[in-house]
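Asks: Model the full assembly from the supplied sequences, consistent with the hints where possible.
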Amino acid sequence: AGCPLSLSQLWQKFWSIVRDFNLFPSTPPSTDEHQLRNQRISTRIFIILLTLSLTVLILYTSLINVTKTTDINSPTIIQYSQLYSTYPQTLTCACTQVSVNYDKFIQVSYTLHQICTSIFTTDFWTDYLINASLTLSLSRDDFRSSGSFTFQALNTFCQLSNQTISNRLTQFYSSQYVSVSVTPLQVLHSQSQAFVSQFISSMANDFSLSILTIRETTQSNGLFSGQLTNFNLTEQSDNFIVSYPLSYGDCSCASSAKCSLEFPIYD
Numbered sequence: 044a045g046c047p048l049s050l051s052q053l054w055q056k057f058w059s060i061v062r063d064f065n066l067f068p069s070t071p072p073s074t075d076e077h078q079l080r081n082q083r084i085s086t087r088i089f090i091i092l093l094t095l096s097l098t099v100l101i102l103y104t105s106l107i108n109v110t111k112t113t114d115i116n117s118p119t120i121i122q123y124s125q126l127y128s129t130y131p132q133t134l135t136c137a138c139t140q141v142s143v144n145y146d147k148f149i150q151v152s153y154t155l156h157q158i159c160t161s162i163f164t165t166d167f168w169t170d171y172l173i174n175a176s177l178t179l180s181l182s183r184d185d186f187r188s189s190g191s192f193t194f195q196a197l198n199t200f201c202q203l204s205n206q207t208i209s210n211r212l213t214q215f216y217s218s219q220y221v222s223v224s225v226t227p228l229q230v231l232h233s234q235s236q237a238f239v240s241q242f243i244s245s246m247a248n249d250f251s252l253s254i255l256t257i258r259e260t261t262q263s264n265g266l267f268s269g270q271l272t273n274f275n276l277t278e279q280s281d282n283f284i285v286s287y288p289l290s291y292g293d294c295s296c297a298s299s300a301k302c303s304l305e306f307p308i309y310d
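Using my numbering, read the sequence shown as starting at 44 and increasing by one per residue.
These aren't lab readings, by the way, just hints derived from the structure by calculation. Predicted model, so just to flag it, every value in this text is computed and none were measured. No false leads were slipped in.
Cβ-Cβ distance ranges computed for the label pairs, FRET-style:
| id | residue 1 | residue 2 | range |
| --- | --- | --- | --- |
| 1 | P288 | I308 | 24 to 32 Å |
| 2 | F238 | D293 | 41 to 49 Å |
| 3 | Q241 | D293 | 38 to 46 Å |
Glycine included, each C-beta is placed from N, C-alpha and C at the ideal position.
Replies: What follows is the structure, encoded as structure tokens:
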């Protein structure tokens, strides 16, 4: 049996293999030392370049994000929320129905001013003021003599407000929200707030415009109020009756629809 090699002998043998390692031998094998040296240098350069290339490839592969597409059929809202919290940038969920009415996810509750549900808008209060104006000797500018008309107008205004809001809500609920993919909950919430704010602003502007139109039409056409508080009549000679505008301070009803006067209650 042969003797085992020593550590130094093993090292010399290993170094000899590395030194003489040649991936590009000539055919037939050459004994020219210069040619063999060039082949060994080419082998070492090739190994170095191959190692560098593999290193770069491994680093690039480990650093880039590889997107894997997974399909989930008919996920629940809880599943979607969990997936969205994990993959907010890449998650997409196509809708089987691209449009839905607002009433499916928005409900608007409203409350009128408390005076609209108070005694001041009831027939009892109106009848009380009418009876007071008939049984008491009141001045024409005493609030009690014309208060019944004021509260009737207030009651009508409350009813008109309620009806207007109800009609506009019906139109609002029939409007459709359109989206080809599921909208994230936070985005849908902010969009819903914007929809409701726009609805309130639009309705208030339209209602104010209607009131302004009535007031301006009454003033510009010289229409008489029921209590003759904007225009009055006077009889001239030959039983000829003409109308004339009333003034309150520096404000004339002939040129402005905003003239006003406080009605007192006399003892």
